[in-house]
Amino acid sequence: MTVPQTAATATPYDDGVRAAAARSRTSRRRVPRPVPLLAAAFFVLVFVAAAFPGLFASLFAGLFNQGPNVVDPAAALRGPSQGHPFGTDQLGRDVFARVVYGARPSLLVGLGSTLLAGAAGSVWGLLAALGGRVAGEAAMRVADVFLAFPSILMALLVVAVLGPGTGHAVVAITISLAPGFARIVRVQALVVRGSPYVRAATNLGLPPWRILCRHIVPNVLAPLLILATLNVGTAIIAGASLSFLGLGPQPPDPEWGSMLAQARDYLDASWTLAVFPGAAITLTVMSVSVIGRELQARYEGRESR
Amino acid sequence: MTGAAPAEPLLAVERLSVDFTTRQGVVRAVRDVSLSLRAGECLAVVGESGSGKSVTARALLGLAGRTADVRAEILSFEGRDLRRLSPGQWRKLRGRRAGYVLQDALTSLDPLRRVGDEVAEPLEVHGLASRDTLDEQVIELLAEAGVPDADVRYLQYPHELSGGLRQRALIASAIAARPSLLVADEPTTALDVTVQAQVLDLLKGMKDAGTAVLLISHDLAVVARLADHIAILYGGMVVERGPAAALLAAPAHPYAVDLLAAVPSLDGPVTEPPALRSAPPAETGCPYAPRCSLADDRCAAELPTPVPYGPDRMVRCWRPVTDETGRRPRPAPPAQPAPARGRAVVTVRGVTKRFRSPDASWRTAVDDVSFDLMAGEALGLVGESGSGKSTTARIVLAEFEPDAGSVLLDGQAWSGLRERDRRARRSRVQLIDQDPLSSFDPRFTVERVIAEALPGRSRGDAARRGGRDRVVELLGEVGLDAGLLGRRPGQLSGGQRQRVAIARALAPNPEVIVCDEPVSALDVTVQAQILALLARLRREVGVSLLFISHDLGVVRQVCDRVAVMKDGAVVEIGEIDTVFRSPRAAYTRALLAAVPRIDAGPAAGKLASAMDLKGPT
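Line order of the protein sequences matches chains A and B.
Under this note's numbering, residues 104 to 408 are what the first sequence spells out, in order.
Under this note's numbering, residues -2 to 614 are what the second sequence spells out, in order.
Hints are computed from structural coordinates only; laboratory data are not their basis.
Treat the hints with care, as some may be off.
Unchecked claim - Facing chain B, from chain A, some residues (calculated, C-beta under 8 Å):
1) Ser298
2) Pro299
3) Tyr300
4) Ala303
5) Asn306
6) Leu307
7) Gly308
8) Pro310
9) Pro321
10) Asn322
All residues carry an ideal CB built from backbone N, CA and C; glycine is no exception.
Kindly generate the complete structure, drawing on both the sequences and the hints.
What follows is the structure, encoded as structure tokens:
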């Protein structure tokens, strides 16, 4: 037993099969598979577009050279061409530029609302799990009421009260997502609180706040991070839906959802108008879920022995 | 053994190999295994986890899986060549001609189906029963498997049955189609001794009725009770094979000798557990060479060939053990310093704890229990599952408040305090439990796990505050080296994990360590090492142990005194030798009688003589 050995060599036979499976997960960690890699690359691209649309514009200076809101009625509703790789819309605005500039509000809504919902849901769920019976029950019944509404309806309600706009869309989606997070955090916190390692820490005489900070919170949040990633896609779609309904960023600012809504009226004249914002939404959401699932697989790989 | 055993073996296996192809290459799980089994006989395949015993059983039933490459020169059952069976033919064989009993009866039984339906399934699938007589047949089978009130039980769901009854129901379903072969993979491992005795009885009855039994087990004592022949597996190979009585009386392979020596015994002198080296099976040469005390250069370089060893025996070893080289009597352990009686560390007085059952009635888990744990003493707590052992432990750990009675620690109040007042003293009572892995924060390294338990300021950032030295020192005390500091518990072997758990329990310099089944999940050789470690620490550190186990042999190895619990109450307490030699309570006698033991006597048939027990209640 004094010989250092890995679990894999310690049990090389029928347990070895499991160990080998675990090892193969480890090796996959070193060499990422192509699809998640592609998804990650695409997401980085979208992220750069959202953060520095100007940089993006200058990188592709040869392809388009006008801002997203430059109107040119003479060139309205053109198909893809040199100078307008994605074509132009009904006001002659460059669709490529609009798709690039539209990344920011879309990601802002997706990432921002997920982040806020995750934070609010974590506090909510931890309070419900650890804050005593009455507080816990009350917190979960409130969550039940919120969850009784379909999330898009909930978001619509909030926007109806607050009024349209990017910031309000973020708030609306945060409110619709937070109770779901709260529920999962509560269950996870209950599991961790009852776990033998928390029992061991209690038997060492550690004070409760220390157990909370050192054992409970990190072990609750690690799996939550992955769930949150998967949720970004949902939030992006919710954000696009709101702006499709005209409740997100207001015109003339580009946003994928509102671009889709406008394109709907001109489908006869130019079908490409709807394809590019639609593809942007689809590919972004898909890449986010692929990344989320990959993270999940890796996390579970680390967990399983 | 019945006299009607035919000359032709029912199951014949020659040079069976099972390889698993993984991304990391080929894992050779079973290598060159040859076995044969006749009707009415029991062959036991014994080995530690990872030895390939379960893979062997699964391969014989066509269940090795898609990633397995099964090869054999001969693989025949009832005269049929199993190597050529199609999946459909395998299905017809399983359940119809060969029954399979798994270890964990709760997960093997479908929770959503009634027990009777489960037992009826093989009858229906193989078309052995008509609709009208099905129920009758099922009830008959359950009764035959020793399920009392079978006509009621067959309508119940698995969760409504106890562990022993579930195992019997599983056996009933395995024998429903009257197979000629029953493969039992660790059929009694999760069971209490008394229930274990009953299940072994049942298997013995079936063997006597002419069924061939292939028993897979890690427990030589269980095997001794039932087996006619024993094959000992190590590193996927049969290292020794022979008639049970002869093999147990005079094992020839060094591994068989070590394995037998590691079994804690109920009779005979308490001996120092053998100091076994621990290493994975070798890839070249003899797989046991890295752990073998007799190994030489040849053993490391060259795989031994199987050689005959006495009548009907085989050993795969270059240097088989003889009386001169090996089977020396083991030395008695250094005398325990007589514990300074007089100062009780933990005083338990009239403690009672009740829990609310799901049906709103109250169940008394611990009933008016009193005992003292003296300084430096090891007190054993034995009893079947549900007897209140663990609840008592949790009351001593102050995880539960007793409903009545009190617990004192060093003469001061321990139960009935506010948690805030108790917290400072909590580190004086520590716990080692059955599953160390789940008691470690999965994100923590070995270093952080132990450092967290260090007293005072060095908690947490061990490296910065010089606590690392103490962590390394503690690892050394439990026989681990500093190379493990950065490992995560999931990367350690079972024995290493338990050692880390012991190091953590020692870190705050406690006066009492509560050991709740600390070795029951370990292989017998690893178990012997951990028990030796606990005994040594008790001598050197002087810590008191409250040692809970269902295994009486283990308790005897470690403890000075023992308390026997039944239905929440202590039925007998006293010096361990007194209690085990001349038990006063009827329950203690029943418990002792149910323990399987290895008599090194000449006739294996006589081993079953202690099997007249029909349950404790």
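Hint check:
Given the 8 Å rule on beta carbons, the hint for Ser298/A holds: about 7 Å separates it from the nearest Cβ of chain B. Checking Pro299/A against chain B by beta carbon gives a least distance of about 4 Å; that is within 8 Å, so the hint holds. Residue-level restraint check for Tyr300/A holds (minimum Cβ-Cβ distance to chain B is 5 Å; threshold 8 Å). Interface restraint check for Ala303/A: the shortest CB-CB distance to chain B comes to about 5 Å, inside 8 Å, so the restraint holds.
Of the supplied interface hints, the one on Asn306/A holds, with its beta-carbon coming within about 5 Å of a beta-carbon of chain B, less than 8 Å. Of the supplied interface hints, the one on Leu307/A holds, with its beta-carbon coming within about 5 Å of a beta-carbon of chain B, less than 8 Å. About 3 Å separates the beta-carbon of Gly308/A from the nearest beta-carbon of chain B, less than 8 Å, and the hint is met. Against a cut-off of 8 Å between C-beta atoms, the interface hint on Pro310/A holds, since the closest Cβ of chain B lies about 7 Å away.
Hint on Pro321/A holds. Least Cβ distance to chain B is approximately 6 Å, under the 8 Å limit. Look at Asn322/A: its Cβ gets to within about 7 Å of chain B, closer than 8 Å, so that hint holds up.
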